[in-house]
Amino acid sequence: MKYRREIDGLRAIAVIPVILFHGGFKAFEGGFVGVDVFFVISGYLITSIILSDMNKEKFSIVTFYERRSRRILPALFFVMLCSLPFAWLWLTPNHLKDFSQSLIAIAVFSSNILFLMEAGYFGTASELKPMLHIWSLSVEEQYYILFPLFLMALWKLRKRWIFASLMVVAIVSLALAQWGAYNEAYATFFLLPTRGWELAIGGFIALYLLYKEEQYKFITSNKATCEFLSLLGLTLVFYSIFAFSKSTPFPSLYALIPTIGAALIILFATSDTISGRLLSTEAMVSIGLISYSIYLWHQPLFAFARHRSLSEPSTALLLALSVLSIVLAYFSWRYVEMPFRDKKAIDRNKIFSFAIIGSVIFAATGLAGHMNNGFDKRFNDNGISLADIRNKTIINIGLSSDCETGFTLSPNCRTSDEPEILVWGDSYAMHLVQGIMASNPQAKIIQMTMSVCGPFFGVAPVNANYPVSWAKECLEFNKKVHDWLHKNKTIKYAVLSSPFAQYIGNDQLLIGDNLFDAGNEFAMEHFLATLKEIKNMGISPIVFSPTPQNGKNIGECLSKADFFGEDLNSCSFNRDDIADYSMGVFAFLKKKKKSNKVIFLNK
1 MKYRREIDGL RAIAVIPVIL FHGGFKAFEG GFVGVDVFFV ISGYLITSII LSDMNKEKFS
61 IVTFYERRSR RILPALFFVM LCSLPFAWLW LTPNHLKDFS QSLIAIAVFS SNILFLMEAG
121 YFGTASELKP MLHIWSLSVE EQYYILFPLF LMALWKLRKR WIFASLMVVA IVSLALAQWG
181 AYNEAYATFF LLPTRGWELA IGGFIALYLL YKEEQYKFIT SNKATCEFLS LLGLTLVFYS
241 IFAFSKSTPF PSLYALIPTI GAALIILFAT SDTISGRLLS TEAMVSIGLI SYSIYLWHQP
301 LFAFARHRSL SEPSTALLLA LSVLSIVLAY FSWRYVEMPF RDKKAIDRNK IFSFAIIGSV
361 IFAATGLAGH MNNGFDKRFN DNGISLADIR NKTIINIGLS SDCETGFTLS PNCRTSDEPE
421 ILVWGDSYAM HLVQGIMASN PQAKIIQMTM SVCGPFFGVA PVNANYPVSW AKECLEFNKK
481 VHDWLHKNKT IKYAVLSSPF AQYIGNDQLL IGDNLFDAGN EFAMEHFLAT LKEIKNMGIS
541 PIVFSPTPQN GKNIGECLSK ADFFGEDLNS CSFNRDDIAD YSMGVFAFLK KKKKSNKVIF
601 LNK
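Residue numbers (our numbering): 1 to 603.
These aren't lab readings, by the way, just hints derived from the structure by calculation. In this text, all values refer to a predicted model and were calculated from it rather than measured experimentally. Glycine included, C-beta positions come from ideal geometry on N, C-alpha and C. Zero decoy hints are in this set.
Have a look at the derived ranges for each label pair, beta carbon to beta carbon: (1) Asn488 <-> Trp179: 32 to 42 Å; (2) Ile274 <-> Tyr208: 19 to 29 Å; (3) Ser247 <-> Tyr335: 40 to 50 Å; (4) Asn222 <-> Asp517: 45 to 55 Å; (5) Val172 <-> Ile219: 24 to 34 Å.
The whole structure should be built from the sequences, with the hints applied where relevant.
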């Protein structure tokens, strides 16, 4: 297969926006599309390699996996190894436990599934995951396992079916992506079935160049056509980078913009075009050559910097880390990637042994971290264990550990078989339980909480991160709360808490099977109806207002400050900096404060 400098230049176009996106630079809010460009490139190269070998009747699945192992695993394992000491030193137990789980998932090519289960790609917590970016490698690894088998099967049956079969797969995958972006956003973002069509676009390019070579030469013989289409491709990619954001449903039909753009560049950005010459410059090619290592390094650098800092790292530091990722990438490319590609120095048996042993070691390390609860017996420089620090602020209230996640309506989330106090809402309600128990250890409490799902009967929020499918789960959860209250007559007080912002923002509300535009009055009418129904059950509602915000996770900040031996006052609120995003909620709650039998607490 002929080497094309333009492809390496395109890799540079893909990786730089990804780095700046993960660095939190506002101008590059659509930088995540760089991953989609990588998928197209991978689909093109892998299909070209496999079909070229098949045409020469020398394709070997073992040789294919050997090539992939040489390409992917050495640099990946090296970055994971370098991350271990920083994880040990700087990650609190819950984060180290998450990190340990990611080591296991990476070792078995399933990190995309793990991160799907944990949280959303665009959430704040994702910024703290050192290995989050490896989800895309897992998608590609799953593709490497399945796609050669797909081609081999069709090759033996009937070669002419390859294009049609791949087209069917791509159409189904794109349809799933379009539906899923609005209904199952997280799963759609992370999983191969909804990303496969992007890889298939690259496959179509390879098929076209291989079997329609004369037609391709005729089209590209017209320089004006190549100039226009290649510049159009660059325009589409750059438009996606600067126009898209976390609110863009993705990877829906919107993802056709950067992927078609990448396809046009691969097809028409020849050395005779302006785009081709731009992509072939020494700087672009140099970055493209080490783009894989750059991609591996950047996220751990950003994540560990955020863990070590009590506040968001400065723009200057994030820019410096971006440059550092390029410097480290050069060394890992030069001294790790390239040596492992030398088949004379490292033969097939050695590379496979390396892959198996490395995977086992990292999986075992991850399992140890998971089983030991993030090694919470570690000591800081002052001789204090993280477990002791955590216990300074956590009260043993006798609730099941299942209650800590707050995602399920569990019968074990109670301190008594005949509870008198219901704590209901989302995580804002969940955190109140400890305070209630601290003031009255004998309180008979039952906790019913679901993340983001506020204490509303019959209504749930819908937005980019929480689609209709999630809203239906929220409705079902609160229906269970409603039914439970009707059956259990021991509850005297219902403690309700939520930020409420998800109900009164610019998003939508799901009521039954119908969507409505959200708004202060509309949402709060339903909340008032909920309070009325609770009172009709003979229960006294106690409504907690939203907690003031200043952009910090105070609990996390205090824990880190204590462990790192820094001033705890660094985590305190500055009243001038507090951004109250829920004035509409406060106004409503204050107005209803004097409602009969409704107790309002403004925290």
